[in-house]
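Visitor: Below are the chains, spelled out letter by letter.
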Amino acid sequence: MNWNWKIDRRSFLRGAAGALLPLPFLNLMEAKSLIGTRSSGSSADEPPLRFMTLFKPNGVYPPSWNVNGGTEFDFRMSPLMAPFAKHKDDLLILDNMGDFGFSSHANSTRRFLSGHHQNVNAPSIDQIIADKIRGDTPHRSLELTTEGLFTGQFGCSYISYGEGGAPISRESDPQLIFDRLFRNPMSDPEQRQAMTSLLDRVNEDAKSLVRKAGYEDRDTLDEYLTAVRETEVRVQNMSQASNAPRIDFSQLKRPESGANLDEQVETMIDLISLALWTDSTRCITYMLGNSNSRMVFDFLGIAEQHHYLSHFFRNFSRNNLESLLKISLWHMEKFDYLLTKLKSYRDHNGSLLDHTVVLFGSGMGHSDNHTVQRIPIVLAGGKGKLKTGRYVRYSENQELSKLHLSLLQTFDAGVDSYSSSSIPLPGLNGDYFPEFRERPFNTWVKRDGGAITAQGRLRMSDDLDEAKIFYIDIEGRSPVRIEVDFWDFHNFNLAYHVGTPIILSGNGSDAGSQLLITKVTDLASLYGNSKPGTQKG
Amino acid sequence: MSLFSARFRIQTFIAASSVLTGGIVFANPEFDSSIRPLIENYCLACHGGEKVKGNVDFSEIMEADDFNAHFEIWETVADMLDFGDMPPEDEELRPSSDEVQQILNWYQNRFVQTVEARAGDFRPRRLSATEYRNTLRSVLGFDLETTIMGAEQTVIERSLVLKLLPDDPPGESGYMNDTRNTPLTSHLWEQHAYIADRAIGELFSSKRRNALSKLIGEELPEEFQADKLTNGQASLLLRSLSKLANRRPIPESSLHFAFVSLQGLSGEALLNATKREIKAILVSPSFLYRGLLVEGEPGEQQRVDAFELAERLSYFLWEDMPDARLMEAAESGEVLNRDGLASQIDRMLASPKALNLSESFAHQWLGLADIDSAADDATTRGSLRSQPLDFLHYLFTEDRPVMELIDSDVAFTSYLTAKFYPEDRKQLSKYVKPKGIERQLVPNERIKIEKDQERGGILTMPGILAMNRGPILRGTWMLRRILGERLGEPPADVPPIQATATNDELSFRDRFDQHRADSTCARCHDRIDPLGFALQEYDDDGAYKLAANYKPPRKTSDHDEPIDEIDTSGTMPTGESFANFQELKDILSTSKREDIIRNVVEQVLAYAICRKLEVYDQSTVDAITKKIDQSDGSWEDLFLDVALSLPFQETRVPEISI
Numbered sequence: 001m002n003w004n005w006k007i008d009r010r011s012f013l014r015g016a017a018g019a020l021l022p023l024p025f026l027n028l029m030e031a032k033s034l035i036g037t038r039s040s041g042s043s044a045d046e047p048p049l050r051f052m053t054l055f056k057p058n059g060v061y062p063p064s065w066n067v068n069g070g071t072e073f074d075f076r077m078s079p080l081m082a083p084f085a086k087h088k089d090d091l092l093i094l095d096n097m098g099d100f101g102f103s104s105h106a107n108s109t110r111r112f113l114s115g116h117h118q119n120v121n122a123p124s125i126d127q128i129i130a131d132k133i134r135g136d137t138p139h140r141s142l143e144l145t146t147e148g149l150f151t152g153q154f155g156c157s158y159i160s161y162g163e164g165g166a167p168i169s170r171e172s173d174p175q176l177i178f179d180r181l182f183r184n185p186m187s188d189p190e191q192r193q194a195m196t197s198l199l200d201r202v203n204e205d206a207k208s209l210v211r212k213a214g215y216e217d218r219d220t221l222d223e224y225l226t227a228v229r230e231t232e233v234r235v236q237n238m239s240q241a242s243n244a245p246r247i248d249f250s251q252l253k254r255p256e257s258g259a260n261l262d263e264q265v266e267t268m269i270d271l272i273s274l275a276l277w278t279d280s281t282r283c284i285t286y287m288l289g290n291s292n293s294r295m296v297f298d299f300l301g302i303a304e305q306h307h308y309l310s311h312f313f314r315n316f317s318r319n320n321l322e323s324l325l326k327i328s329l330w331h332m333e334k335f336d337y338l339l340t341k342l343k344s345y346r347d348h349n350g351s352l353l354d355h356t357v358v359l360f361g362s363g364m365g366h367s368d369n370h371t372v373q374r375i376p377i378v379l380a381g382g383k384g385k386l387k388t389g390r391y392v393r394y395s396e397n398q399e400l401s402k403l404h405l406s407l408l409q410t411f412d413a414g415v416d417s418y419s420s421s422s423i424p425l426p427g428l429n430g431d432y433f434p435e436f437r438e439r440p441f442n443t444w445v446k447r448d449g450g451a452i453t454a455q456g457r458l459r460m461s462d463d464l465d466e467a468k469i470f471y472i473d474i475e476g477r478s479p480v481r482i483e484v485d486f487w488d489f490h491n492f493n494l495a496y497h498v499g500t501p502i503i504l505s506g507n508g509s510d511a512g513s514q515l516l517i518t519k520v521t522d523l524a525s526l527y528g529n530s531k532p533g534t535q536k537g
Numbered sequence: 001m002s003l004f005s006a007r008f009r010i011q012t013f014i015a016a017s018s019v020l021t022g023g024i025v026f027a028n029p030e031f032d033s034s035i036r037p038l039i040e041n042y043c044l045a046c047h048g049g050e051k052v053k054g055n056v057d058f059s060e061i062m063e064a065d066d067f068n069a070h071f072e073i074w075e076t077v078a079d080m081l082d083f084g085d086m087p088p089e090d091e092e093l094r095p096s097s098d099e100v101q102q103i104l105n106w107y108q109n110r111f112v113q114t115v116e117a118r119a120g121d122f123r124p125r126r127l128s129a130t131e132y133r134n135t136l137r138s139v140l141g142f143d144l145e146t147t148i149m150g151a152e153q154t155v156i157e158r159s160l161v162l163k164l165l166p167d168d169p170p171g172e173s174g175y176m177n178d179t180r181n182t183p184l185t186s187h188l189w190e191q192h193a194y195i196a197d198r199a200i201g202e203l204f205s206s207k208r209r210n211a212l213s214k215l216i217g218e219e220l221p222e223e224f225q226a227d228k229l230t231n232g233q234a235s236l237l238l239r240s241l242s243k244l245a246n247r248r249p250i251p252e253s254s255l256h257f258a259f260v261s262l263q264g265l266s267g268e269a270l271l272n273a274t275k276r277e278i279k280a281i282l283v284s285p286s287f288l289y290r291g292l293l294v295e296g297e298p299g300e301q302q303r304v305d306a307f308e309l310a311e312r313l314s315y316f317l318w319e320d321m322p323d324a325r326l327m328e329a330a331e332s333g334e335v336l337n338r339d340g341l342a343s344q345i346d347r348m349l350a351s352p353k354a355l356n357l358s359e360s361f362a363h364q365w366l367g368l369a370d371i372d373s374a375a376d377d378a379t380t381r382g383s384l385r386s387q388p389l390d391f392l393h394y395l396f397t398e399d400r401p402v403m404e405l406i407d408s409d410v411a412f413t414s415y416l417t418a419k420f421y422p423e424d425r426k427q428l429s430k431y432v433k434p435k436g437i438e439r440q441l442v443p444n445e446r447i448k449i450e451k452d453q454e455r456g457g458i459l460t461m462p463g464i465l466a467m468n469r470g471p472i473l474r475g476t477w478m479l480r481r482i483l484g485e486r487l488g489e490p491p492a493d494v495p496p497i498q499a500t501a502t503n504d505e506l507s508f509r510d511r512f513d514q515h516r517a518d519s520t521c522a523r524c525h526d527r528i529d530p531l532g533f534a535l536q537e538y539d540d541d542g543a544y545k546l547a548a549n550y551k552p553p554r555k556t557s558d559h560d561e562p563i564d565e566i567d568t569s570g571t572m573p574t575g576e577s578f579a580n581f582q583e584l585k586d587i588l589s590t591s592k593r594e595d596i597i598r599n600v601v602e603q604v605l606a607y608a609i610c611r612k613l614e615v616y617d618q619s620t621v622d623a624i625t626k627k628i629d630q631s632d633g634s635w636e637d638l639f640l641d642v643a644l645s646l647p648f649q650e651t652r653v654p655e656i657s658i
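These protein sequence lines are chains A and B, in that order.
Using the numbering used here, the final residue of the first sequence is 537, and nothing's skipped along the way.
Using the numbering used here, the final residue of the second sequence is 658, and nothing's skipped along the way.
Mixed in with the good hints there might be a few duds.
Claimed, not checked - The calculated lysine-lysine pairs, modelled on PhoX-like cross-linking and capped at a C-alpha distance of 25 angstroms, are: (1) 433(B) x 551(B); (2) 243(B) x 207(A); (3) 253(A) x 279(B).
In case anyone wonders, no lab produced these hints; they're calculated from the structure.
All values reported here derive from a predicted model rather than from experimental measurement.
Throw the hints in and build the complete structure from the sequences for me.
Guide: Dropping the structure here:
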């Protein structure tokens, strides 16, 4: 077993914000020699399983996220999923997760990893898992974020809770994380040597001052020298204790601070991957923002706050909706970035993603009315533990705590209940689950001059740049395109009906091979409520 | 009623009585023969040995080697006796008036007449976290920041230094710059070492080329790479950094070692050696401590040298090291004369760095951190806190009289706090909320109070009222922070006042009266409650209940009286009565004026010299108080008087005793 691996300088790539990170997949060293032997409990041949959570703020605009129809193996990913659609085989997309109606931001944030918002005295699952899988890694876990503390409801700022349910402080600075992981004088021989020579130097300087100092000064200098000596002793003890060869991180370059949120997040994801790959830690949670994020995405050309936009009915305008979708799409791109990064590292006989269970999602589903149903939840990776490449839509709304219990059991946490659940969520590793069955319906379209009537499932355009365009899918022919003005969209509440079968009548024409409706005259839901509440919700 | 007005009265009495006693009395013999028996007889039963009420234990205090160490307790004793507050009225065993006078005479001799003013003992002091942050910025020419996204309604710590260093607890003086009792620890030192690394890394990065150019003293080309540093440039850099970091000129010889270590190096090796030398400078004691390089004769009281004086001044007004102009004034000795000092203070108060005086000194003095308890929302907190800070910055820097603290026709507000100024808000420029931003913290504008008279001065600022809810908290705050009275902690076994009860007929006021019927409570609450009652026209959010636009808060509190039943009248223990807050304000501006000024002087002096005031500082306080009071002096006058005062100008190097 050789720990003194060196990575050749040429094998580094410049990351998003200038971080020098190892070039993936070059097989610079026997993967086995790098990872796996430091874990406790597991044999040297078995790679450790990591747990990584990525949290998306402010829910979604449901028509853009929800999968329309589809079954376990036969489904079409939604428009928002486009950025990470290429990882389909590594994904387990869960639907009908969450069983609450209206819920505050803070409550839905607590529930994200703690099962229930009333589970306020227990640690969140990431912390229980961290204790279980830490082994002898130098860092038990990392809790990361991008955004400052929201004091109005501080629960919006935390997904990770420790013993007693107390929030765990979050770190947002990639450079600090890098230094903590890879520049720690207490664990890195090179840093330790630099520290030792600094200590010698400082001692000399201070002693030369002592020689000319007055009495009280000497007291102060004693205080100073005592502090320095304590550090010295600790460094010495470390040198003696760490006979075991350690990984040499000196070739890694500290990332530069990113110019905007996009660069900061990519730099952080670079570090997350590196931290997991080097087995510096095995458990990380990362919030892309507070659950009610007030951030302004100026680098996407958006001047309004995310939270304001997320209330797309309350603050309705098409421009707002388009801006909201741009922000959500950016979140999805970062999820893709994470998956791509984890896949790019070779780990044992597979990729780092294979040996990591990734949980991606949001605390609430509908960002405007705060319903906590059909929450975006996607699991990824975890080869052998999760059966991926599937879309699992449960017949009934599922408590998040069931998912949490399942994840705890995936990591052999030795628990048979968590929060409000003692039954794990079925179906994660391919076992039976009660699947949602849609009532069958026929699809057809009739045209009588300018009048068009179509029956079928309504969906948003796959192209988020044309989010105002809807389609009704008709079997055996091209879908009917619906391109109406704001008032039709608003009065007939098209967004509400997305994903469900409807009969829609309107006026329109041929547009090439496709029928186009430009004015809605009537809309009826096949099985549901045709005129749900007021649109202002 | 205040300690100092009490002492003033005692002084008048002494003038008459000293003729009879023949004048000179030696402190300790008199104490043992005539004072000790009185204390033992009347006080020790409750304040000594087994029973120690109010944390006052005479069995210890009387045996202390240095009576001066407990001068505040003796001051309180004199005060209590003078007003008949102690021993409690219901105590059977009480001293006769002759006996009381005997103790008062002894106090006056021991702690007022025979104590000479002298400078404090010299002791180097670790820079507080904020001082270190500011100093490091001044040395480098840039701030070290952490990566975090700020958004409206969130709070962030942008400074890497403040994020990594623990908060300094307030010292004995009550201020965080009094770091005497929180020494450097190994953890702190390692944080400093880490911050130095980050600072050096950034100094040589492309984005700090201008800062590096400035330190080296030559314009570096745009394509400059750190490993192209020449030996000459490295030497210039070390020389200027070490002069800045030491905050005084240092002998060339002390850099010898550093220059030798650079010799013959180039490229990466030279860069690394230079970095090592800079790091050694940034973690050295002479950078991390103030006053370490001051030299003096043990046992002598002496004036501090010009560089130490410049440093004292800049940490006082700026919480930062001296800038180039102040250093010049130190080098030329200009800062050592009165006019030189006055013109530096004038210049320094005009600098944006003087914001630190309100943001640190005033913030701590007035306890503005408590505004966090007034609202959860960060924007609301920020707007409520900015009002007193802007107001005090205005008083400090625009030569305003000290007493405008209590009453002023200037206020600072924005759309967020405008509702508290229903008439005068018309002076504000129109605020247009940017689309899509829910609540935005914007800078205050200065308005003149013409109609909303209930708002002038610090006492009725919305944030001050909102952080102190109910008459007791408001009265206590006014007594402690503004009038400078020392109040003990309430006894642990007394329940809080129930201002509204369920089953009896007691009125709001009755309940307080009942509470004060207990002599233990009355001792402080006779002083506290009336001041608080005067503010009953302001609700828990600080809104004025009699305003035409008044909307009651959604939740009423148990100290909320119906508008038509509000009683703002009160009588202070001195017998002075007022019908409402305006009349109380008049009393504060007249008969309490000296007390308020004295408190302000004490607060500013303690902050300026970074230590608790001692008995030998009292004559300095007396003199400055008298001067400001008589001349209706301004804050700037006060800062100058403090900077010219003995404890600020001089120091005493302790004798070496082994």
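Visitor: Work down the list of hints and note, for each, if the structure agrees.
Guide: Here's how the hints hold up against the structure:
Taking the CA atoms of residue 433(B) and residue 551(B), the gap is about 23 angstroms. The hint holds against a cut of 25 angstroms. With a C-alpha separation of about 20 angstroms, the suggested pairing of residue 243(B) with residue 207(A) holds against the 25 angstroms cut-off. For the hint linking residue 253(A) to residue 279(B), the alpha-carbon distance of about 19 angstroms falls within 25 angstroms, and the restraint holds.
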